[in-house]
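Each chain, written out:
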Amino acid sequence: MNLHDDFYERKLVLRHRLGQAFEWLCRLTTWLSMGLLAVLLLGIGRQAWGWLTFGFLTRGNSYIAEEAGIVAGLCGSLWLIGLTAIMAVPLGVGAAVYLEEYARPTRLTKLIQLNISNLAGVPSIVYGILGFTVFVRMFGLRDRPEKFVCSLGFVEFSFELPLGRVVVSGAATLTLLSLPVIIIAAQEALRAVPASLRHASLALGATKWQTVRHQVLPAALPGILTGVILALSRALGETAPLLVLGAAAQLSVVPGRIAGITDALTHPGKLVQAPFDQFTAIPLQIYSWVSDSSRGFEHVSAAGIVVLLVVLVLMNGTAIFIRQRFQKKIRW
Amino acid sequence: MALVKAFTQFVEPPSSPVTDVAQGAAPGARPPKLETVQMGFFYGLNQALRDVSLKINERAVTALIGPSGCGKSTYLRSLNRMNDIIEGTRVSGKVMLDGEDIYAKDVDVVSLRKRIGMVFQKSTPFPKSIFDNVAFGPRIAGLTDKAKLTEIVEQSLQRAALWNEAKDRLRDSAMALSGGQQQRLCIARALATSPEVLLMDEPASALDPASTSRIEDLIFELKQNYTIVIVTHNMQQAARISEVTAFFCMGRLVEVGQTKQLFTNPIQKETEDYITGRFG
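Protein chains in written order, with our numbering: chain E, 21 to 352; chain X, 11 to 290.
Hints are computed from structural coordinates only; laboratory data are not their basis. Hints are not guaranteed to be accurate.
Said to hold, decoys possible - In silico lysine-lysine, BS3-like type, Cα no more than 25 angstroms apart, as pairs:
| no. | chain 1 | residue 1 | chain 2 | residue 2 |
| --- | --- | --- | --- | --- |
| 1 | X | Lys138 | X | Lys177 |
| 2 | X | Lys177 | E | Lys228 |
| 3 | X | Lys115 | E | Lys228 |
| 4 | X | Lys156 | X | Lys177 |
| 5 | E | Lys31 | X | Lys177 |
| 6 | X | Lys158 | X | Lys177 |
| 7 | X | Lys156 | X | Lys138 |
When you get a sec, could you build the whole thing from the sequences and use the hints?
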């Protein structure tokens, strides 16, 4: 058969049409999802309009919608995410470096790998139960919490064991939740670093650690950061595990009762005490406002959602900014 | 300060007389720099090299030629134990540097690789500045003295014939250099740790003719101070730059001899077939 005949021409028209149809399909799906997002944001924005004031950001909660505020949740969430990052990033990146650079592919490491992948898909409420047992109740070792006072020389702080429903319990639970995602993302990033880079470093007489520290980790950093952003963003919006932990839905005070930046500077002890204080978080407050049927609270919850979204965007924006700065230096 | 002194020593090229290098090397006249005795190499159960006995002369260029998959790169990479990285590999026989077995238990691979530098086929500049690339080796060895580092970087770049092109852009990314410049940077980087031996795995195979000829000129210069082993697919290149050529085939060392003799009057039929292009 000859390809220079009608058959080829007819098929060619069909092939081009198929290509065009697919392009339109892709266009449609993109605009559909963007449209839905726009409707959501506009709806929320309209409801929150006029309610999202400076007072809303700086007030504690109230039973009167007009006087409700989000400061406790905002500060609680920032403390949570900060402590989660401090715990989850070194643990996650460390585990990924070990699995990718050091561990031999034995049956045990394969089992660990499989389990990490599975853990990434575990529903967050399960982590809540785990966190409640391990951190809040500490397996019920004591019926009544015992109080410990710790002195760091210039500051003094106290905590209880079992930890109870405090910020560190929440952060530790969110750490468990984010770890699998961070480990997997960091592993992918490490795997993407070309082997030639490692070989070149080793051939110059670098030790394994020097190769990891000076060549592999810097090259993998943008990818690792992306994973960290994704994991922490997810942790910031989590409600279920915090509910299971028994975190307060509404509070009128912030962790450590820090009144502001000057207060934190003049009383540094409050900064150390805050992780061992009760807390609430933005998603918890939103949840309780949404379930409140009193007049005006639908606006308050909308304003809360806007705050949560803004915090998320700011967090992602910072991380993307950092990532771009690193990426500029690295080109294969 | 003791460290700085040690590095000063590194930087000065070893200064023994360069006599019979031009003739290749009269066997037995001087002990070989590197020597393998009945060396074998295994990837798991797969034997990639068998019974390779080869003496590599000091301050001369030894070329390894042979068809793809003949084991010449594997051989090269086992001279600085780069094959150790690959899981499940094993070496039999002996590989000796200055008469000492480099696969002995008490040998530190890190200091071995400082003594035996390597340049790869694909240039692999680190995603850092030109200066940081060259200074990497001395830095990881513990040298922090800024003046000393600057001196080493300048000297290494000069030896690698890159100084004139790079001196005004030491702080620029090494990734901005051209392919040929990147490869010379990798040579400079290897020289910065003051190695005694340079292993080169097809260092010019990805370069254009002009860059290739610059690398060849460079190798010609470097052999006055360094022992060079080069794997090449280009037989003209082997003929141009080496004193001794070793022909590998199917994991065996088929023939080794003075380059001129091997190319004009090979002893083995296989060698003749290969160099005349009838096979390989």
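Problem set entry | Hints breached by this structure | Going through the list in order, the structure violates hints 2, 5 and respects the others.
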